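Construct all of the structure, not just a fragment, from the sequences and the given hints.
Position 415 (the sequence shown) corresponds to 414 in numbering that gives the first Met the number 0; numbering is contiguous.
In case anyone wonders, no lab produced these hints; they're calculated from the structure. Careful: at least some of the hints might be erroneous.
[To be verified] Distance condition first, Cα-Cα at most 27 angstroms in a straight line; then the derived DSS-like pairs of lysine-lysine: (1) K455 x K536; (2) K381 x K455; (3) K429 x K357; (4) K381 x K394; (5) K579 x K519; (6) K394 x K220; (7) K318 x K246; (8) K429 x K455.
[Claimed, not checked] Here are the simulated distance ranges between beta carbons: (9) K96 x Q211: 49 to 57 angstroms; (10) V170 x T383: 18 to 26 angstroms; (11) Q435 x D364: 31 to 39 angstroms; (12) Q211 x D68: 17 to 25 angstroms; (13) A43 x P124: 27 to 35 angstroms; (14) T306 x E106: 39 to 47 angstroms; (15) P418 x G260: 16 to 24 angstroms; (16) K225 x V164: 15 to 23 angstroms; (17) V316 x A43: 15 to 23 angstroms.
Computed from a predicted structure; not experimentally measured. A virtual CB, placed ideally from N, CA and C, is assigned to each residue, including glycine.
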Amino acid sequence: MTLPRWLKWIAGVSAALVVLLILLAAFLDWNWLRDPIARRVAAATGRSVAINGDLNVHLSLRPRIVANDIVLGNAPGSREPVMAAIKRLDFRIDLLKLLTGVVELPELALSEPRVLLEVNGDGVPNWIFKMGDKDMSFKFPTINELTMDRGSVTYRDPAINTEMVVVLRTVEGDQARPAPGLELEGKGRFKGLPTTFHARGGALLSLRDAEQPYPIVASAKLGSTKAGIDGMLRNPLHLKGEQLNFKLEGSDLALLFPIIGVPFPPTPSYKLAGFLDHAGDVWTFRRFKGAVGQSDVAGDFAVDRGTQPQMTTASLVSKQLFMEDLGGFIGSVRGTQRSPTPPPAGRLLPAEPFSLEKLKAANADVHFVGEKIFSEYLPISKMTAHLIVSDGVLKLVPLDFEIAGGNLVSHIEMDGRKPRIVTRADITAKRLHLDQMFPASRLAGADTGTMGGRAKLVGNGNSIAQMLASANGEAALIMDGGSVGELMLRLSNLDIANSLVVLLGGDKQVPILCMVGNFKAVDGDFMVEALVLDTSKVNITGSGNVNFIDESLHLRLVSQSKGFSLASLRGPIAVTGSFKNPVLRPELGGVIARSGLALALGAATGGLGALIPLLDFGKDRDSNCAALVSQAKSDAGVKASDMSPRVRK
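Here it is, written out as structure tokens:
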């Protein structure tokens, strides 16, 4: 059948157009489009743009576009003129879907892309673009296949002393990981710490699917701190749900503060492993186990970064706790840290300042239990602590030690909201057994004496020395039983003749009937209200004060022998000098008047009444201290049965 002439004409014209298009595509120099494209992008971003290499287009329903040597200018005022550069950009675009408003790139290949992300001195990042007057909201196109060759991203923030270079590349699957993936390797400085890391993730394109878990394995080293993760990221572009095996190890937990902003005390080396979860603003290190020094530790640790300051919660248990590993919690400084501030010349008390920055850096609610304690110096069997930090106020409510068969319970508050920390301490020692407290000392003797005490103090200052130098309150100690060397008692009485006998015949232990010390603190000056040692051979009473402002001693000890010696000079002993260099010397000016122990104690019966429960006599009302204090109360005009403390006005 012969075609109509008009149809033949249309067919001929169409064929000619196709041939013309083919010829145009083959011979047309597409580089004339470089400048118009660059101007359009520059207008949209507010940055200079240049396509310095060739631009080629291969026409089809999915045309291939190749651009070489593309450069994107940096933000005004930046040190370096280029923010991004791509040696070769090669992609296809689906024209049919583009007609429906969908931007889809079946293929995208980047060769040697380089990106600089930096924050200037005013804290403004260079990745914020001026989009002009129009709404230039950008929707990321759909990419079906992505390859990247030798890409790099540099991140720089001088304000936090950070500069990192990350090299990225796509890698083919292997036997261990069949699917292709993304590999990153980084090196540089993070917050002043030399840093390296390596990561291998799933296919880069899978990052676009928020519902699809993204597999990742990574390791990093920041200074002496090492970390490793292995697991799945959910919605990884927005970090909204991680399920990762997490390992962390290093030389000192305190070194994590500049990295994650959570204040830890100095510790020995540690190694921890558990699960890292992320929900909303809360990161949780869950069911972790490990060791800090020689001590094991396990539990849960969470940080909520959605609050200001951030909130830390933890529940920690140690089945075997070595006290030396807690050195940083009680103020000592590990060898890996800077040396502590030494006390001034001639001083003894620690002058190392507490960190107000760390006290205010985070709120905290931490429970800790040490089930079995190993200590070289103290017979501690168990420890429980509840730490609360709220807006610069730290509380230990309580810090409880089971020690020497009794308890040492502290309630401590440190208010760091002002330049000088205000510290309130209420410390109670109850029924501490001397034979356990001093197992290697002859003070314990062969019996089972007990000891108790109480201190309620308020002070201000940013070191232990400053706090005690401004302390107000009371401190008291009471001991029932035990023993002391006879030579010490003789010398305290200046009983020269009997001291020589003891030296020649051997120092025997003399039972202690009762010892009581009661001090009142006023602005760092601890004044003796009662100081009594009652033994089977000698009574010793004391007076004076202990000054924590200049660390000086001003005490006078008076002894009254219960025996007879021709050579007893019966003079008092002065205890003077400093905490670091105490001096004991006799006062030989003359014989002094003596008073009974009950009279010496009677002046402080209010404070002594509060001490009685600390020994927990129970049914043992025949205790020497119970009898002595009762006598003191009676002699002072107080009923012996009235054991309640008086309120000092």
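Status of the hints after comparison with the structure:
no., hint, in the structure
1, K455 x K536, "violated, 33 angstroms"
2, K381 x K455, "holds, 23 angstroms"
3, K429 x K357, "violated, 33 angstroms"
4, K381 x K394, "holds, 20 angstroms"
5, K579 x K519, "holds, 22 angstroms"
6, K394 x K220, "violated, 34 angstroms"
7, K318 x K246, "holds, 21 angstroms"
8, K429 x K455, "holds, 15 angstroms"
9, K96 x Q211: 49 to 57 angstroms, "violated, 22 angstroms"
10, V170 x T383: 18 to 26 angstroms, "violated, 51 angstroms"
11, Q435 x D364: 31 to 39 angstroms, "holds, 33 angstroms"
12, Q211 x D68: 17 to 25 angstroms, "violated, 35 angstroms"
13, A43 x P124: 27 to 35 angstroms, "violated, 18 angstroms"
14, T306 x E106: 39 to 47 angstroms, "holds, 46 angstroms"
15, P418 x G260: 16 to 24 angstroms, "holds, 22 angstroms"
16, K225 x V164: 15 to 23 angstroms, "holds, 20 angstroms"
17, V316 x A43: 15 to 23 angstroms, "violated, 58 angstroms"
Hints 1, 3, 6, 9, 10, 12, 13, 17 from the list above are not met by this structure, while the remaining hints are.
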